[in-house]
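A.B. asks: Based on the sequences and whatever the hints tell you, model everything.
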Amino acid sequence: MTNEELLKSAIKEALSSCGIEALDSEIAIERTRDAAHGDYASNVAMRLSRKAGKKPVDLANELIGNIHSDNIEKIEIAGPGFINFFIKKASLGSIITTIIEKGTDFGQAEPNGKKINVEFVSANPTGELHLGHTRGAALGDATANLYKKAGYDTTKEYYVNDCGNQVAHLGNSIRCRYHELFGEPCELGDDDYHGVGLIKIAQEIKDKYGDSKLVDNEETKAFFVRYGIDANLAGIKKDMADFGVVFDKFSYESDIRKGNTIEATLQELKDKGYVYEKEGATYLNTSAFCDDKDRPVIKADGCYTYFMPDICYHYNKMSRGYDLIVDMLGADHHGYINRMKSALMMKGYSKGALEVEIYQIVRVYKDGEEVKMSKRTGKAVAHRELVEWCGKDAVRYLFCERSGDTHLDFNLDLALAKSKENPVYYAQYAHARCHSLLELGKDIGIDSTGSKLSGQKESDILKQLAEFPSMILSAAEARAPYKVAGYIQKLAQTIHEYYAATKIIDRNDLDGTKARLGLIQACEIVIKDALAILGVTAPDKM
RNA sequence: GCGCCGGUAGCUCAGCUGGAUAGAGUAUCAGACUACGAAUCUGAGGGUCACGUGUUCGAAUCAUGUCCGGCGCGCCA
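In numbering that gives the first Met the number 0, the protein residues as written are 0 to 541.
The hints are simulated quantities; they were obtained by calculation from the structure and are not laboratory data. The model shown is predicted, which means the values in this text are computed figures rather than measured ones. One or more of the hints may lead you astray.
Using 30 Å as the maximum straight-line C-alpha spacing, the simulated BS3-like pairs for lysine-lysine come out as follows [what the hints assert, rightly or not]: (1) K391 / K482; (2) K451 / K87; (3) K482 / K540; (4) K350 / K114.
What follows is a list of derived Cβ distance ranges for each label pair [as the list claims (entries may be wrong)]: (5) D539 / M0: 26 to 34 Å; (6) L22 / G485: 25 to 33 Å; (7) K277 / G196: 38 to 46 Å; (8) R362 / N70: 30 to 38 Å; (9) S435 / E20: 27 to 35 Å.
Think of the CB as a built atom: it goes at the ideal place given N, C-alpha and C, for glycine as much as any other residue.
C.D. replies: Written out as structure tokens, the structure reads:
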């Protein structure tokens, strides 16, 4: 148990012996900024003063009379009613033993029995991934990693839209490019894909099949569609693997459409009275739940809209026993949230069974000007290009560093020009420094008790390390990988400061050296593990 | 018009279930390697938390009204 957890339960006990029952969420423990305020502080007395019917300071006084712990050096009341805790140095140091024993399992919460599905990227297999997908991939993967670390049984999933208009246009575009290769002019429509990547695919087909696909009939149409989807999907999978993202499951719209799943689902919704016809189309009464208008599920031409199979897909996910399904979507899809939640509610699921994480657009700047991206013109800044230019680690870190709620301005010049300006190197360097110290001090050995560490910087580091497990839980709860990045930056900074101010390896002071190396080893473990959550590697040497 | 997201230092952003003097990075300026990696460290300057009103012991944080920016509002996906 970390000191934070100990304090929390001690406060809870003190409260109840004062006759106050408090929720866990009402008891906040925070690390202090100012050493004069002790190691940890709580505002619980101010927060609960109204509930207790007492002045904050009086309540605080009463509470500290009831708090007993061997780990506490002293307790003070300050300001309007803060309770400041000073922890015994030896007790702060004990976290090192825990970290070294547990290794990368430090911060790993016990399985909590909850299943979560995180669906992300899910780009249509009609072309290359672009920057928007990069953000979705970085955030989605890190979010899923966070959930795993926080004790959830987590699945990473990709939904492949391999049906419908978009893929028909894909097939047509490839067919056009193929014809061009034989000198037959072929005009691409406005809705077709103009990306040059498709020329390569057409060339592949020509190499494999010669001119045998020049005839235009239903069979060759389907062939071009299938070939295009497979080729693009293979490319996407490779791009994602190179980016460190491996999905546990791929689901296909074509599988959802197999059999009579869609018809049966629609019938079920009809039976419940949520379906009606208007002007030749069929509508779902989503506004009866949390949508602001009803949505069509069958067009007047008899085809399903994209929405209908999507509903079936989400029902399919829920039927697999998840307590929560999460969709990561770009900001242009936010209108989608309430209609899908409504559809799930029709089936009896709660509104919170689906959470949609929206991330705002990425703007790219090059030579001081914004680069507009467009999937169809072929002038997009492709995911693959970006990763080739800046490296996987830098891109993943920079895309995870900010909340998805904010627009991300990605300065390509900066990312390309000097790698050292990327904050990821700051963290990786801290790790490399730790590693190199441990190599140098290999023959000296390590004291993992932490009992000899008494400096201010050392206490700072120990408290930061102890904070790791609770940081994981709150970051997972908030689906906020950027909190991990923030944690990494602070820890790296403290490590660098410590290093600059302290001679870690001192052969005239072997006991002290062993203790410091113990601390350094704990740092190495935690910073590497934190980076791994974001999908960033921690090299031993740089 | 309606809805969602944002507006905090020159720039990019944390902080938002109300708490101590609003923080980082970067940029600018001034310093530090014959100690373990200077991809680092130390210090300085830099703020009307977009604006008004309200709630209270206390508001960047909550409510409300404006202003500005992005996105969405399709029988597209």
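A.B. asks: If a hint holds in the structure, say so; if it does not, say that too.
C.D. replies: Consistency of the hints with the structure:
| no. | hint | verdict |
| --- | --- | --- |
| 1 | K391 / K482 | holds, 20 Å |
| 2 | K451 / K87 | holds, 12 Å |
| 3 | K482 / K540 | holds, 26 Å |
| 4 | K350 / K114 | holds, 17 Å |
| 5 | D539 / M0: 26 to 34 Å | holds, 32 Å |
| 6 | L22 / G485: 25 to 33 Å | holds, 26 Å |
| 7 | K277 / G196: 38 to 46 Å | holds, 41 Å |
| 8 | R362 / N70: 30 to 38 Å | violated, 49 Å |
| 9 | S435 / E20: 27 to 35 Å | violated, 52 Å |
Of the numbered hints listed earlier, those contradicted by the structure are 8, 9.
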